[in-house]
Amino acid sequence: MAEYKVRFDPNTEPVVVKSGTLIIEAAKQAGLDILQPCGGQGRCGRCIVQVMDGTVRHRSSLRLSKEDIQAGYALACQSIIESDILVRIPEQDKIERRLMSDRTALEIEIPPGYSPEYKQSLRRFSIQLSPPSYEDQTDDLTRLKKEITLKLGYRNIFIPLGLINKISQALRLGNWNVTIFLHIGELDDRMKYVQLVDILPGIIAEEDPLWGAAIDIGTTTVTLWLVDLMTGKVHAQVAEYNDQIRRGEDVISRIIYADKNGGLTELQQLVLGTINELMETACKRVKFHRVKPEDVYKVSVAGNTTMMHLFLGVPANNIRLSPFIPSFNQAPIIYAKEIGLKTHPFAIVDCLPGVASYVGADITAGVLSAGVDLADQLTLFLDVGTNGEMVLGSKEWLVTCACSAGPAFEGAGVQSGMRATTGAIEEVWINSNTYEPTYRVIGGGKPRGICGSGLISLLAEMFITGLIDKAGNLNPSLPTNRVREGEHGLEYVVVWAVEAYSGEDIVFTRVDVDNLLRAKAAIYAGFLVLAQSVGVPLESTEQVLIGGSFGKYLNIEKSIQIGLLPDLPWERFRFLGNTAVKGAYYALLDKHSRKRLDEIASKMTYIELSADNSFYEAFMSALFLPHTDLSKFPSVEKAMKSIQYSETI
Amino acid sequence: MPVEIPKDKWPGSVRTVTIGALPKDGGTRKCTVTVGGETTMPFLHYEGEIPNRPVVAIEIMDRQPDDWSPLLAEAWKDVMDDPAKWAVAAEQAGADLLVLELSLNNRNGEPTTPDEAVSAVKSVLAASGLPLIVFGPGQAEADNALLVPISEATKGERIVLGICEDKNYRTIVATAMANDHLVSARTAMDVNLAKQLNILISDMGLPLDRILMDPTTGALGYGIEYGFSVMERLRLAALQGDKMTQLPMIVTPGYEAWKIKESKVGEGVPETWGDWLNRAINWETLTAITLLESGADVLVLRHPESVKRVKRAIDELMSAKELV
Numbered sequence: 004m005a006e007y008k009v010r011f012d013p014n015t016e017p018v019v020v021k022s023g024t025l026i027i028e029a030a031k032q033a034g035l036d037i038l039q040p041c042g043g044q045g046r047c048g049r050c051i052v053q054v055m056d057g058t059v060r061h062r063s064s065l066r067l068s069k070e071d072i073q074a075g076y077a078l079a080c081q082s083i084i085e086s087d088i089l090v091r092i093p094e095q096d097k098i099e100r101r102l103m104s105d106r107t108a109l110e111i112e113i114p115p116g117y118s119p120e121y122k123q124s125l126r127r128f129s130i131q132l133s134p135p136s137y138e139d140q141t142d143d144l145t146r147l148k149k150e151i152t153l154k155l156g157y158r159n160i161f162i163p164l165g166l167i168n169k170i171s172q173a174l175r176l177g178n179w180n181v182t183i184f185l186h187i188g189e190l191d192d193r194m195k196y197v198q199l200v201d202i203l204p205g206i207i208a209e210e211d212p213l214w215g216a217a218i219d220i221g222t223t224t225v226t227l228w229l230v231d232l233m234t235g236k237v238h239a240q241v242a243e244y245n246d247q248i249r250r251g252e253d254v255i256s257r258i259i260y261a262d263k264n265g266g267l268t269e270l271q272q273l274v275l276g277t278i279n280e281l282m283e284t285a286c287k288r289v290k291f292h293r294v295k296p297e298d299v300y301k302v303s304v305a306g307n308t309t310m311m312h313l314f315l316g317v318p319a320n321n322i323r324l325s326p327f328i329p330s331f332n333q334a335p336i337i338y339a340k341e342i343g344l345k346t347h348p349f350a351i352v353d354c355l356p357g358v359a360s361y362v363g364a365d366i367t368a369g370v371l372s373a374g375v376d377l378a379d380q381l382t383l384f385l386d387v388g389t390n391g392e393m394v395l396g397s398k399e400w401l402v403t404c405a406c407s408a409g410p411a412f413e414g415a416g417v418q419s420g421m422r423a424t425t426g427a428i429e430e431v432w433i434n435s436n437t438y439e440p441t442y443r444v445i446g447g448g449k450p451r452g453i454c455g456s457g458l459i460s461l462l463a464e465m466f467i468t469g470l471i472d473k474a475g476n477l478n479p480s481l482p483t484n485r486v487r488e489g490e491h492g493l494e495y496v497v498v499w500a501v502e503a504y505s506g507e508d509i510v511f512t513r514v515d516v517d518n519l520l521r522a523k524a525a526i527y528a529g530f531l532v533l534a535q536s537v538g539v540p541l542e543s544t545e546q547v548l549i550g551g552s553f554g555k556y557l558n559i560e561k562s563i564q565i566g567l568l569p570d571l572p573w574e575r576f577r578f579l580g581n582t583a584v585k586g587a588y589y590a591l592l593d594k595h596s597r598k599r600l601d602e603i604a605s606k607m608t609y610i611e612l613s614a615d616n617s618f619y620e621a622f623m624s625a626l627f628l629p630h631t632d633l634s635k636f637p638s639v640e641k642a643m644k645s646i647q648y649s650e651t652i
Numbered sequence: 100m101p102v103e104i105p106k107d108k109w110p111g112s113v114r115t116v117t118i119g120a121l122p123k124d125g126g127t128r129k130c131t132v133t134v135g136g137e138t139t140m141p142f143l144h145y146e147g148e149i150p151n152r153p154v155v156a157i158e159i160m161d162r163q164p165d166d167w168s169p170l171l172a173e174a175w176k177d178v179m180d181d182p183a184k185w186a187v188a189a190e191q192a193g194a195d196l197l198v199l200e201l202s203l204n205n206r207n208g209e210p211t212t213p214d215e216a217v218s219a220v221k222s223v224l225a226a227s228g229l230p231l232i233v234f235g236p237g238q239a240e241a242d243n244a245l246l247v248p249i250s251e252a253t254k255g256e257r258i259v260l261g262i263c264e265d266k267n268y269r270t271i272v273a274t275a276m277a278n279d280h281l282v283s284a285r286t287a288m289d290v291n292l293a294k295q296l297n298i299l300i301s302d303m304g305l306p307l308d309r310i311l312m313d314p315t316t317g318a319l320g321y322g323i324e325y326g327f328s329v330m331e332r333l334r335l336a337a338l339q340g341d342k343m344t345q346l347p348m349i350v351t352p353g354y355e356a357w358k359i360k361e362s363k364v365g366e367g368v369p370e371t372w373g374d375w376l377n378r379a380i381n382w383e384t385l386t387a388i389t390l391l392e393s394g395a396d397v398l399v400l401r402h403p404e405s406v407k408r409v410k411r412a413i414d415e416l417m418s419a420k421e422l423v
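Protein chains in written order, with our numbering: chain V, 4 to 652; chain S, 100 to 423.
The set of hints was computed from the structure by calculation and includes no laboratory data.
Note that CB positions come from ideal geometry on N, CA and C, so glycine has one too.
Restraint-style ranges between C-beta atoms, simulated for each label pair:
| # | chain 1 | residue 1 | chain 2 | residue 2 | range |
| --- | --- | --- | --- | --- | --- |
| 1 | V | G447 | S | N204 | 55 to 65 Å |
| 2 | V | N484 | S | G125 | 34 to 44 Å |
| 3 | V | S256 | S | T371 | 42 to 52 Å |
| 4 | S | G136 | V | N484 | 46 to 56 Å |
| 5 | S | K108 | V | D56 | 53 to 63 Å |
| 6 | V | P540 | S | H144 | 35 to 45 Å |
| 7 | S | K108 | V | P326 | 40 to 50 Å |
| 8 | V | V537 | S | A419 | 36 to 46 Å |
| 9 | V | S256 | S | K108 | 49 to 59 Å |
| 10 | S | A419 | V | S256 | 56 to 66 Å |
| 11 | S | P248 | V | N484 | 24 to 34 Å |
With these hints in hand, go ahead and build the complete structure from the sequences.
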């Protein structure tokens, strides 16, 4: 039998192996430890190596692209040595980065060509007035208005009472040099609507920042970006849990709570508290400038329709009652002090437009930032939060629907679930011979629970390894002590108590499986119904854009394996992070984008899923792993076959 | 001008399933029952093949049932206390095959033991040469405890074991595989659920030609139209080529029709309801014939008179072939 010399880099001592040896075996012989979380089945891609010289035969290359193979990449557990070879072992963190590159959201770029002069509706002008005298007895207000008309060309300026108070003092303190802040709205192409937002004594340098904030009020998380409206730069990004959570985890329970005596005011105060705190934090985060919340002059707010109602203190009860009509989809512009937002009291608060009770401004903003409304290709846009909202379309047309996924993907409603923070298991691999899991924990310490992406990968692994059947039933007859009878039927122990942060077993129960199945079925059914409603096959979707804070961490392969995402080539998926706050940021900066948002809201066709039983039908068929119709998931069928194959060899 | 009758050409067909095994095949049955094989919707003889006629099974129990209508007790009289005698009577009443249902508790009110269950099954097999379907009491643990020993004690008979449900199918399927039996897969009235359970069972390795599916139904006036539509859609899917729905269907119109007030109660009901016995038998018959039209292959009935009428209906529907 032929023998081959194998050299490893870094580790140059060659080893001699017989033909037919796998690289992983040669590595072991050379004393090298290559991670194999999946138990050497070519599924996880963690054992990737690069063959620099010589030939190998690929038994499976499930995780490799054509380019990878051409560049010599191979899975150590699946590659049979067929000549003398030189193998480079990449550093582990590079592998992680390579595999995880899809997880990072895109950097926030200032929209190209941003200039406050042409794009910004909130403007700051320093003007000089001629002082009054015995000859010129014009009152302060008229003097200011005249000067604005003369210098800037704006007529009919609206000035709230709270600012009239300030004018006389500012003019005199600044020795008739003042800086004014104007909000210039456009009623239509010709009519402008100008409002004084603030007046300060003295001149402010042109390059001094002018602060605005983009906010996304999520049911679970509130995100705030602090932006310099002069340059467009985002100076701080902060996020915190919506304090309303303590009054209910989903929108329906919040609406019910708001309906109780005093509930509406309480919920409004809770979310304002969260936002005001975020505003403080964001101001402190800004480097090189001293910023106070009072310096923020304009706020753009995205959020689902219920969150928007509660933010403004408007009763939301009808959102929950058939035929689900909200009080408003588009709120008028208001001042901060009307609701108690801790910015400048007259800061312009622009609540972005929504479409329907369950497709709110977070989705229109998402469509804006993802550019779905400008896309040439057929695009599926998905925002997974407590509700799953989705939009299908292109620059020609847009249809949208919303389905209740429940909080499972955010780690709620699951026994060992948690949000994606330090201590959460975010990825799991299960060895299909021993049924032992390997996992990765956010922050690297002892695991405290499992977050949404961890749950998805856990469910997928349990399915692929046969720990659960296609209906989610745990198999009690496997040779492992990790499947046991628990309080709610059979359960799988992911982490034994001794390895867990809390000192208690971290388990995944039958109830958890069901919750997760329902959540994924709801979302996939939404896709199907949406596609059916316009008569296009789901497979013809050319790109899938995924938003939501959850979207940053979603593993495409695992999501397809459980039938959450349609089985499309991986390169068609893109993760955009929080698209709602990004859309709010674009709307904050650019009045044209803001206008586009109105167009998006009016252009989108909303499909109410409760109107007929096609959703129920699609939901029931999706309530299976990966789906009742396996032909919809050819890659999963292939993965399952490859496992059966590797079990037989 | 001649009228052209439109005909569909279906790419798929229903699988044929044979229940019971002759001595030469390792069993003790004097005959077997083969169902399925349709290549068209029910009784459209001009369009496709219906090679096997739908069959009628009579439901008997391992002991005198507590909650059956007195009309049924009148019909079967004292044989109800002995499953072997009841089996013979059922065969004489025209059954194509038998369904033996096991009680949760025995005559003394104690849980039926595996030994009692096995001996009931054996006595029925000895008394009648018809193929047999055995249903457990319908509680997961009891089903597993009773059906496994029965399956082992009757290896090779090609009995249909039931009821497999989505949360409780592994044990029954495993024992059916090991002992050359078949299974009956029951789901709530839903096309997807039915298909899903078939997938789960076949994933365990049981060949599809050893599965009957029970899509569940309701009696006439009690949701039968929903059951009808589910069965029709299952059959349409099968004919369109969906492998996991191409199984013959078993339904239990006897059980459904005899649990409703119209057949169970004879007193204190409006006079316009008419004669009690007539009404009850009509109810069972009409329920069964409706299901026949929606694609049922095995009908499980209770009253001997209904059996007669349903069999006559099957005869007529099958002989419609000659008219084409």
